[in-house]
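S.K.: Spelled out from the first residue to the last, the chains are:
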Amino acid sequence: MKWQFVVCDPSKCVGCEICELACSISKEKSLNNLYSRIHTVHLENVGEPISSMSITCHHCKDPVCVKVCPREALSQDERTGVITVNTDFEAKQSCHVPCGWCMASCEFGALILNPKFSMAAVCDLCPDDRVDGEPPCVRACPKDALSLATTDEVVKKTESKTSKDILEEHEKAREDSKTFYEKFGYMPMPPTKVIKKK
Amino acid sequence: MEKASEKMAKVRVFRFDPLKDEEPHYQTYDVPLKYENMTALGLLLHIYENLDPSLAFMYSCCRLSEQGRCGVCDMFIGGEGAQACTYQVKEGEILLEPPRIIGYPVIKDLITRQFSLVDREKFFVPRTNALHRFRKTYEKIKGRE
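Those protein sequence lines, which keep their order, are chains A and B. For the first sequence, our numbering begins at 1 and goes up steadily by one. For the second sequence, our numbering begins at 1 and goes up steadily by one.
I should point out that these hints are in silico values taken from the structure, not numbers from a laboratory. Any given hint could be a false lead.
[Said to hold, decoys possible] Keeping only pairs whose Cα atoms sit at most 16 Å apart, straight-line, the calculated EDC-like set for lysine to aspartate or glutamate is:
id: 1; chain 1: A; residue 1: K67; chain 2: B; residue 2: E66
id: 2; chain 1: A; residue 1: K67; chain 2: B; residue 2: E97
id: 3; chain 1: A; residue 1: K92; chain 2: B; residue 2: E66
id: 4; chain 1: B; residue 1: K34; chain 2: B; residue 2: E91
[To be verified] Facing chain A, from chain B, some residues (calculated, C-beta under 8 Å):
id: 5; residue: M8
id: 6; residue: P32
id: 7; residue: G42
id: 8; residue: H46
id: 9; residue: P53
id: 10; residue: G78
id: 11; residue: E80
id: 12; residue: E97
id: 13; residue: I101
id: 14; residue: G103
id: 15; residue: Y104
id: 16; residue: P105
Just so it is clear, the structure is predicted and the values come from calculations on it, not from any experiment. A virtual CB, placed ideally from N, CA and C, is assigned to each residue, including glycine.
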């Protein structure tokens, strides 16, 4: 097993949220986005939609959520990097108080509080529910935006385009599409016709 | 010089009273480790009873309740999350802080405001797009039950 996680390509993603439904079906057997471990984020600039992408646990090295947990309920696998939550309610080192520190400290907002049991839940890459090595959210994506990748592969991809670049591009396009009146505040003179004499 | 053999702990506590102070500061106390397996909550109780009664913290351990169950005394000890009632103290310096996380403002010293589940979701923008959309349906389902 490699140190992998589910990555989304924002140039392909449409924001249909089908991955969320696929996750909630495979995990909780219910069609409800509240239970999904993957979440779609819609980027907006002044009310206009720019792009969207889905976010899950990145299985960071030296993760903050594991450090922060006061009950030591979260633990990380050394080989695969998968973070697991101890949900045994009777054990002392388990998630039996919904304090929400792990959710708040995560930079990506990848953790959720399961509203059924009020316990934290994270993406565990569905080791039992895979077909051809692909978890259900990757299989369900209609645009092939989701994929499993290691950190090195992601870094190579993201170097080319970041979310900041996308925002700047969008703002440039907005300014270019402005009319002459919106830019300078007065109407231009109509071009005079030149009649060529033979 | 009888007490020289007694082990001591330097406790550095986060102090902030929003009514009086403009900025938070740290205060250090020298606390003797009276017995074996002393917890961080024991240190705080010793400070409150003997050294500084103005220190504010919360706990709800009693004879009937089990230690490490309620989560009232959750705090950052040495930069990591821990429960004060179960954290065993060693000799040397100890840093006690409220949780340094966005969305948990300090009321006084080691007491922070704990949000309800519904309020808490407003702070986490990335994952709330779907949640806000389904909030109404979720409330409807709850109402039926």
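S.K.: Next step is simple, just say for each hint if it's right about the structure.
M.R.: Here is how each hint holds up against the structure:
1. Restraint check for K67 (chain A) and E66 (chain B): not satisfied, since their Cα atoms lie roughly 24 Å apart, outside the 16 Å limit.
2. Proximity of K67 (chain A) to E97 (chain B) is assessed by CA-CA distance (about 14 Å); at most 16 Å being required, the pair is judged to hold.
3. Simply put, K92 (chain A) and E66 (chain B) have alpha-carbon atoms about 10 Å apart, close enough for the 16 Å limit, and the pair holds.
4. At roughly 12 Å between alpha-carbon atoms, K34 (chain B) and E91 (chain B) fall within 16 Å of each other, so this suggested pair holds.
5. For M8 (chain B), the interface hint is violated, the least distance from its beta-carbon to any beta-carbon of chain A being 26 Å, above 8 Å.
6. Nearest Cβ of chain A to the Cβ of P32 (chain B): about 26 Å, over the 8 Å cut. The hint is violated.
7. Hint status for G42 (chain B): violated, given a least beta-carbon distance of 17 Å to chain A, over 8 Å.
8. A distance limit of 8 Å between C-beta atoms decides the matter here; for H46 (chain B) the minimum to chain A is near 21 Å, and the interface restraint is violated.
9. For P53 (chain B), the interface hint is violated, the least distance from its beta-carbon to any beta-carbon of chain A being 26 Å, above 8 Å.
10. A cut of 8 Å between beta carbons decides the hint on G78 (chain B): the least distance to chain A is about 11 Å, and the hint is violated.
11. Hint status for E80 (chain B): holds, given a least beta-carbon distance of 5 Å to chain A, under 8 Å.
12. Annotation: E97 (chain B) was flagged as interfacial toward chain A, and the flag is violated, the nearest CB pair being 12 Å apart, outside 8 Å.
13. Interface hint at I101 (chain B): satisfied, since its Cβ lies 5 Å from the closest Cβ of chain A, which is below the 8 Å cut-off.
14. Using the Cβ-Cβ criterion of 8 Å, the hint placing G103 (chain B) at the interface with chain A is satisfied: the shortest such distance is roughly 5 Å.
15. Hint status for Y104 (chain B): holds, given a least beta-carbon distance of 7 Å to chain A, under 8 Å.
16. Below 8 Å, beta-carbon pairs count as interface contacts, and P105 (chain B) has none with chain A, the closest being about 12 Å; its hint is therefore violated.
Going through the hint list in order, the structure does not satisfy hints 1, 5, 6, 7, 8, 9, 10, 12, 16.
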